[in-house]
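Asks: For reference, the chains in residue letters:
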Amino acid sequence: MIHVQNRELVVPGQLIAEGDYQVYEGAFREGKQVYASVVGLADVRGQNIRIIPLQGRYIPKRGDVVIGVVVDSHHSGWILDINSPYIGNLFVSDLLRRKVDLVREDISQYLGMDDVVVAGIKEVNERMRVQLEAGEPGMGRVEGGKLVEISPMKVPRVIGRKGSMLNTLQNVGECRINVGQNGRIMVWGKNPRMTNAVIEALFMIEREAHTSGLTDRVHLMLEKIKSGGK
Amino acid sequence: MEKPEKLIVDGKRLDGRAPDELRPLKIEVGILERANGSAYVELGANKVLAAVYGPREMHPRHHQQPDTAVLRCRYNMAPFSVEERKRPGPDRRSVEISKVTREALEQVVFLKLYPRSVIDVFIEVLQADAGTRTAGITAAAVALADAGVPMRDIVSSIAVGKVDGTIVLDLTNDEDQWGTTDMPIAMVPRKKLITLLQMDGHFTGEEFKQALDLAFKGCEQIYDAQRQALREKYAIKRGNKK
Amino acid sequence: MNMYGIVSSVKRDYIADLARQGKRVDTRMLDQFREVSVESGPIKSAQGSARVKIGKTQVLAGVKLEHAEPFSDRPDNGVLIVNAELLPLASPTFEPGRPDENAIELARVVDRGIRESEAIDLEKLVIKSGEDVWAVFIDIYALDHDGNLIDASALAAIAALLNVKLPEDEAWTLPEFPLQKKPVAVTVAKINGKLMVDPRLDEESVMDARITMTTIEDGSICAMQKGGIGYFSREELEQAYELARAKAAELRAKLG
Numbered sequence: 001m002i003h004v005q006n007r008e009l010v011v012p013g014q015l016i017a018e019g020d021y022q023v024y025e026g027a028f029r030e031g032k033q034v035y036a037s038v039v040g041l042a043d044v045r046g047q048n049i050r051i052i053p054l055q056g057r058y059i060p061k062r063g064d065v066v067i068g069v070v071v072d073s074h075h076s077g078w079i080l081d082i083n084s085p086y087i088g089n090l091f092v093s094d095l096l097r098r099k100v101d102l103v104r105e106d107i108s109q110y111l112g113m114d115d116v117v118v119a120g121i122k123e124v125n126e127r128m129r130v131q132l133e134a135g136e137p138g139m140g141r142v143e144g145g146k147l148v149e150i151s152p153m154k155v156p157r158v159i160g161r162k163g164s165m166l167n168t169l170q171n172v173g174e175c176r177i178n179v180g181q182n183g184r185i186m187v188w189g190k191n192p193r194m195t196n197a198v199i200e201a202l203f204m205i206e207r208e209a210h211t212s213g214l215t216d217r218v219h220l221m222l223e224k225i226k227s228g229g230k
Numbered sequence: 001m002e003k004p005e006k007l008i009v010d011g012k013r014l015d016g017r018a019p020d021e022l023r024p025l026k027i028e029v030g031i032l033e034r035a036n037g038s039a040y041v042e043l044g045a046n047k048v049l050a051a052v053y054g055p056r057e058m059h060p061r062h063h064q065q066p067d068t069a070v071l072r073c074r075y076n077m078a079p080f081s082v083e084e085r086k087r088p089g090p091d092r093r094s095v096e097i098s099k100v101t102r103e104a105l106e107q108v109v110f111l112k113l114y115p116r117s118v119i120d121v122f123i124e125v126l127q128a129d130a131g132t133r134t135a136g137i138t139a140a141a142v143a144l145a146d147a148g149v150p151m152r153d154i155v156s157s158i159a160v161g162k163v164d165g166t167i168v169l170d171l172t173n174d175e176d177q178w179g180t181t182d183m184p185i186a187m188v189p190r191k192k193l194i195t196l197l198q199m200d201g202h203f204t205g206e207e208f209k210q211a212l213d214l215a216f217k218g219c220e221q222i223y224d225a226q227r228q229a230l231r232e233k234y235a236i237k238r239g240n241k242k
Numbered sequence: 001m002n003m004y005g006i007v008s009s010v011k012r013d014y015i016a017d018l019a020r021q022g023k024r025v026d027t028r029m030l031d032q033f034r035e036v037s038v039e040s041g042p043i044k045s046a047q048g049s050a051r052v053k054i055g056k057t058q059v060l061a062g063v064k065l066e067h068a069e070p071f072s073d074r075p076d077n078g079v080l081i082v083n084a085e086l087l088p089l090a091s092p093t094f095e096p097g098r099p100d101e102n103a104i105e106l107a108r109v110v111d112r113g114i115r116e117s118e119a120i121d122l123e124k125l126v127i128k129s130g131e132d133v134w135a136v137f138i139d140i141y142a143l144d145h146d147g148n149l150i151d152a153s154a155l156a157a158i159a160a161l162l163n164v165k166l167p168e169d170e171a172w173t174l175p176e177f178p179l180q181k182k183p184v185a186v187t188v189a190k191i192n193g194k195l196m197v198d199p200r201l202d203e204e205s206v207m208d209a210r211i212t213m214t215t216i217e218d219g220s221i222c223a224m225q226k227g228g229i230g231y232f233s234r235e236e237l238e239q240a241y242e243l244a245r246a247k248a249a250e251l252r253a254k255l256g
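Residue numbers (our numbering), protein chains in the order written: chain A, 1 to 230; chain B, 1 to 242; chain C, 1 to 256.
Hint data in this document are derived by calculation from the structure and do not stem from the laboratory. A quick note: this is a predicted structure, and the numbers were derived from the prediction, not measured. Cβ atoms here follow ideal geometry from the backbone N, Cα and C, with glycine treated the same way. A portion of the hints provided could be inaccurate.
Unchecked claim - To give an idea of the interface, some chain C residues facing chain B are shown, with a C-beta separation under 7 Å as derived from the structure:
(1) 94
(2) 116
(3) 223
(4) 224
(5) 225
(6) 226
(7) 231
(8) 232
(9) 234
(10) 235
(11) 243
Claimed, not checked - Estimated spans, in silico, between C-beta atoms of each pair:
(12) 99(C) to 62(B): 17 to 23 Å
(13) 171(A) to 62(B): 47 to 53 Å
(14) 31(A) to 72(C): 53 to 59 Å
(15) 196(A) to 97(C): 53 to 59 Å
(16) 213(B) to 96(C): 41 to 47 Å
(17) 192(B) to 35(C): 36 to 42 Å
(18) 9(B) to 39(C): 49 to 55 Å
(19) 62(B) to 56(C): 26 to 32 Å
(20) 56(C) to 192(B): 36 to 42 Å
(21) 56(C) to 22(A): 47 to 53 Å
(22) 26(B) to 129(A): 42 to 48 Å
(23) 42(C) to 220(B): 47 to 53 Å
(24) 62(A) to 97(C): 41 to 47 Å
(25) 146(A) to 59(B): 27 to 33 Å
Please take these sequences and the hints and turn them into a complete structure.
Replies: Written as structure tokens, this is what we have:
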């Protein structure tokens, strides 16, 4: 038996359902009862219950793509801030995808402090030690572009249903966008005015993430700025 | 002020409340920009702010716990929050309150989800009129929810006591000072489990039971207000805004 | 951080499992204290002193009486100050330095028991209103920590107050030290859903929570303090009160 509407706003401790449900993030079970553990939107699909959180920090998950900033280095790699309670470790071999002779090669030529890096989460162990990899195409050190940081919980809204929001941003905004699951977003564009408009749009999405009709509004806003300037 | 002859006249307290009545309560959510979560509580003349930072990396490192997050709480009073200026910084009272506050909240937080990290709760009393520790816990619980920290429930807290031989809810400073007994309490409302209990003064066994009854009633009202405040903050706004 | 030390998980499970069966590691009943002894006046340099042993836990309390200025908001009251030290010699987990939150909590719980029961008639300790009063300093020294420091400390404090020798000072005019009540603290620990009095150190290290209730002669409560991250239900609190009241009478009898 379900006690909430789908997409209903729930708060910690609120009873969501009673019965044999599969419980995912944002919810927990006590006997037959399923409760919310976070403020969020109830997402009930068949026998599966989860709560889409509206707040919270990014917790690394294997397979995620994140955008990190180099904060330290050691003889075999770098430490990256990934906008999370946990730092990311990137070994030079996971950046270059080859064995590196650390005696002969000076790895500081590949990455330096404050460099921005697009990386994948290769492994997270139970102690939350995070290993990154950045050798795949589209990963590695970021050249140019602008870095934007929003709440990681709003990232799904930036992507939109089947990527609709992201398509709007890129096509209408005339730029290339790389979205990290950790709330960091890279924006590259040729036209500075449109790049700024896209950044403006990203903050608007963050602010108004739980309103409806957002994609249309973003579309309208970008079109307006585009036509206004020509 | 001088001790009044009576603190309860014709069933009404000095501020006009009935014995089982809360002071006006206001809860605001997410009022601090930098904190991961925050809340502001006004209960009568009490003004209390709570901020949550984290989960974040634990410093110093040797305080990290390999299999769980650590909850840290700091209760502090502003020097200007009380009649006579309070010397800044922790005193024995605030150290003790910080400890029991942590113990009141820790039970409901899913700390195991965040190994090696720390969740910091900062409570600042800006204006005090008795019941600041319970208002602080009430605010902290909301701030934790606002930070997106997973919890089993929202801890609610209030004080009850004895004034002129009557069991009353939510004592003012005058009632605390001139009354007989003060009993701050915090609970996990959904299951009615008590996570903070302190008391000083005088209760018979029977009065203690009455006081518990009243505390449960009070916490229920606080709990409703906490959930209401969170819902208001996060309510889905339909249609075009701005 | 944790004053109760580390108990191996094997022992933890063992204690918790015993508790479920209503048993304890040292074969005591759930409502049974370890052996309690009160030694009066071991320290001659103090006005009053007492050493309390509860099982292997040992606490020394010393009382000093000194002239002091009254607090500005209480010009016609003597001053009561309780301090507790968790000495490094008492446990491998105690460290030298300023009192930590455990020492502060201990002192404040003992303080509240004495203050709130009005055990000492502080109004009688005024020498000159607003200027000169007697200050009663109670210093609690934990010597050996094998659990239940709160009850041992509270008992030692009252025993030391009962032991006070009148100061040889012309300002002292009272025929006796104005002690009018004997508040006694009893701590009830909760392990695996079972309540028990006087937790030993290994029991403290696995307990979910504790509640200390300080009662006076007529069974009424003058102070309470819950500790630990666990919780109590209403029924458990009422049960704890019955235990505390009964056990306080037993402990009070040890005061002679």
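Asks: Identify every previously stated hint that the structure contradicts and give their numbers, smallest first.
Replies: 1, 10, 11
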